[in-house]
Each structure stands twice: as structure tokens, then as C-alpha cells.
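Starting from the known structure of chain A, fit chain B onto it as the hints suggest.
These protein sequence lines map, in sequence, to chains A and B. Terminal number for the first sequence in this note's numbering: 329, no gaps in between. Terminal number for the second sequence in this note's numbering: 224, no gaps in between.
Hints are computed from structural coordinates only; laboratory data are not their basis. Virtual Cβ for every residue (Gly too), placed ideally from N, Cα, C. Fair warning: there could be bad hints in the mix.
So the derived label-pair ranges between C-beta atoms look like this [what the hints assert, rightly or not]:
1. A/ARG83 - B/ALA100: 45 to 55 Å
2. A/ARG128 - B/ALA110: 15 to 25 Å
3. A/PRO244 - B/ALA110: 32 to 42 Å
4. A/MET110 - B/ALA110: 39 to 49 Å
5. B/GLU102 - A/VAL114: 37 to 47 Å
6. A/TRP84 - B/GLU106: 48 to 58 Å
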Amino acid sequence: MKSRSILFALLASVCVAAAPVLRAQEPQGAAESQAKAAEAPAAAKIDIITPHITDAHAIEVPWPSLEEGFLTKEIELPRWAPVHIGSVEVDLSPTKHVVMLLVAAMLACVILVGAARSQARSARTGRPPKGYANAIEAMVLYIRNEVILPNVGHHGEGFVPYLLTIFFFILFANLLGLVPYMSTATGNIAVTATLAILTFLVIEIAGMKALGKGYINTIIFWPHDMPLMMRVPMSMILSPVELLGKFTKPFALTIRLFANMTAGHIVVLAFVGMIFTFHSFVVAPLPLAMAVAIMFLELMVAFLQAFIFTLLSSVFIGLVRESHH
Amino acid sequence: MRSMFSRAVALLAIASPLLAQEHEAAKVDLLSPATGLMFWTLVIFLVVFFVLAKFAFGPIVAAVSAREKALEDATAMAKADREEAATLLAEHRAAIESARGEAQQLIADGRKTAESMRADLLEQTRVQQEQMMDRAKRDIEAEKTKAVDALRREAIDLALAGASKVIEQNLDNAQNRAIVEKYLGSIGTR
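Chain A extracted, bound-state conformation:
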């Protein structure tokens, strides 16, 4: 029963993913018919994938009308004048992905704080906790005890809130991308880069705290057990490597999450697009089945990528804290 409803949800999301295609074709067709009614619609390239995976200044909401929007209405978000910080122009107007992040943030807060309250209540009354709070607790405990604490190293409790927040924030943002009408904020490189830069700062501050003055050794390679003649060239060769290593970590985190979240959506849309490429309903079942399969994979990837981001952040923090030269 449950699997059937999940399947239904996936099918629904595939249909919604397909909706922009219909929408994109309709105005096109209308314009063509206005211009030249007799001619078939030109094979003009219609991009259904880019609008889906890129940010926009509008959000889509369900709308009970089969007219222009096909069950969808676009709501324009307010545009604010860009703010100038130094020479950098920052456009702070809200976008689709900002809204998605807000939704993910609210979901995360409501669900996790609700679970925490349920836990606290059950702890007060002495009755065993029940319901979804147990699932949240199991996830929190698993991430904390099996992922964060073993990798971060001794006295790593201070990093638990940050890393757990990373996990759940990314998880909810990833899962929102699978919900019809929603979009994947973690498929935007600005979001993943920000999270990776935050993690980078946490890693480096953790290194400074753990190593003190020895932190400089994680930047400048200076082997104490080598003769000076060897030390200088070794340092000159390996210091850039060390420094580069520091920046490749957040870069890898950024690209990994962004690419994984974007790729799945592109594949799903590409499968759906095959129906329109072949101009036939006959071929529809196969691409749809493939798209459903990819949606299942995406469900797994949503959890996996949140997990991997958290795991790698933990590992990086643990690495810098234990790097005694």
C-alpha cells in the first residue's frame, strides 16, 4: 500500500516534470498558428531542462486550470535593486531556490524540533517514544554515533550540531527537489558552494583550535626529521600541494553535491523529453518506466548525498585535527 503511494507520488512528479514541456509547446504552437496556420510547428529547440535545473525569479504553484499554465501558475517574486558591497554587485531579490531553501529550512525545523519535543515529553513521562520521532532519533543517533563522532576524533561533540544541521538541511533540500512543483536548491552551485565554504571554515577553525601554533604546519610543509638541505626544497614543493589540498576539499564537496543533484533531474527530464523527441505516445511507456526508476534512484541519492557531505565534512575535520607533523 505504502509502496504504491510512493510510486504514485513518483509518477505524479514525473508528470509535473513533463508539464513544462506541454506548457512550452502550447504558446509556441499558438504563436505559430497565429503566424502561419497551415505550417506545422517548426522544430524550434525548446529547452525543458534548463528552466527546471536553474534558478528563477518566479515560483510554480499548483493551479486548478488546464489553461496556459497546465495545472501550474507562476508567481513572480519581488525584484529588489542590487546591493553594492565594494565592487561586488549582490542581487538580494528572492529566487525560486531561496524559497525552496526556506521551505526546506522550515520543514527541517518543524520536523526536528517536533521530534525533539516528542522525545523530551516521552522522557518526562517515562513512556517510550513513538511515531516519526523514533525515525528522526534513529537518524540523528546514527549520524552522530556512527558518522560524526568516530571520524571527527576525540572530543568531537562540539561539531555534532553543525554536521547534523548540514545533513538534515541538505537532505530536506534534496528531497524537496523530488516533490512536484518544487525545485532542487542543492542543485544550485551557489547553495552547495556556500555550504562547502562554511564547512571549509569549520574545518580550518577546528584545525586552529586543535593544533594551536602547529596549524601553520598544515599550510607550510616543514618536516622536522629531515636535514635542512632537504627540508627547504621539500617545503617548496609540498607546501603548494598542502595549500591546494585545503581548497580542493570544499571544491569537491561543492561539485559533488551540485552535480549529483542536477544530474538526476537532467536524466529524468531527458527520458521524459524522449517522448516528445519521437513525437509518439507509443514510445512513452519505456521512457516513463526509466524515469520512474531514475526517480527511485534519486530518492536514494537524496539521502546518499546528504550523508556523503556529512561524512566527508566529518572526515576532513578529523583529518585536520589529527594532523600532527
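The following block gives chain B in isolation, referenced to the frame of chain A:
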């Protein structure tokens, strides 16, 4: 960083013809982060972080550790109870064992006592009987000797009386002697 991004773009373009097409078609700039979105991401993430750290993870971990502690306490208590029960059981068992041993001992003692008492009584009876038999024998013997003595004294007295009678009639007479002997013989048969 910028050149890295462009290199990544090139890689992606080689890897995915689809994406490359898109790139040509609509100038999709997937790899240059929008500063505004970065700002909002930072703000939203930090708010989420503070809210979750304060209201979610702390209480969840605290509740779990409290439950773990309660469970540990309960386990420890149960263990202590069990150990106590085991000691009590062992004590009771030992007590029962010792009581049984005592009872056994008592029974054995009683039996032994009874046995010895019986033996004693038997012995006593036997000794008494022997003593009585001895006394009776002695009495009989004594009576017998007494009787024999009395008889002998009587015989002598009679003999003397007979002799004196003979002597009164005839002091040296063969016939007298025969008379005495005859007399004595008559006594012997009597």
C-alpha cells in the same frame, strides 16, 4: 577558482553532449554561483543551525542519553536484584541442606542411641540373669553342702549314739561289731 570552474565546464561539455547543446542553446550558466543566493543560503543555514542546535539536537541527544541512563540503571538494578536473589537462594539452599543434614544426624543419633540402649539393656539383662543364675547355683551349692554337713553330723551323732549303745552292752564283741556295721549299712541305704 574561476579557471577551475571554466575547466569543469569544459569537462562537463565533453562528458555530456546534452548539456553542451543546452549551453549553446540558452547560455546556461550552471557553474557561476549567484552571490544573492549564496547570501540567502548562508542566512537560512545559520538560522536553521541555531534553531536546530538549540531546540532539536540538544534535547534529542539529552533525551536519548537520559533514556540510556535509565535503561542502564534498570539493568544494573535488575542485575543487583538477581544477584541478591541468587545469594538468598543459595543461603536458603544451604540452610535447607544443613537442616536436612541435622535431621539426618538426629535420626542417625537416635538410631545409634536406641541401638546402644538396646545393647545395654540386653547386656544388663544377661548380666543380671547370669548373676541370678550364679546366686542360685551358689545357694543351691551352699544348701547342698549344708545338707550334706548336717547329714554327716547326724550320721556321726547316730553312729556315736549307736556306738555308745554298743559300748554300753558289749565293749569287745565281734558280734557287736557286726551289729554296728549292720546298723551303719542300714543307715547307708536309708
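Status of each hint after checking the structure:
| no. | hint | result |
| --- | --- | --- |
| 1 | A/ARG83 - B/ALA100: 45 to 55 Å | holds, 50 Å |
| 2 | A/ARG128 - B/ALA110: 15 to 25 Å | holds, 22 Å |
| 3 | A/PRO244 - B/ALA110: 32 to 42 Å | violated, 57 Å |
| 4 | A/MET110 - B/ALA110: 39 to 49 Å | holds, 43 Å |
| 5 | B/GLU102 - A/VAL114: 37 to 47 Å | violated, 26 Å |
| 6 | A/TRP84 - B/GLU106: 48 to 58 Å | holds, 56 Å |
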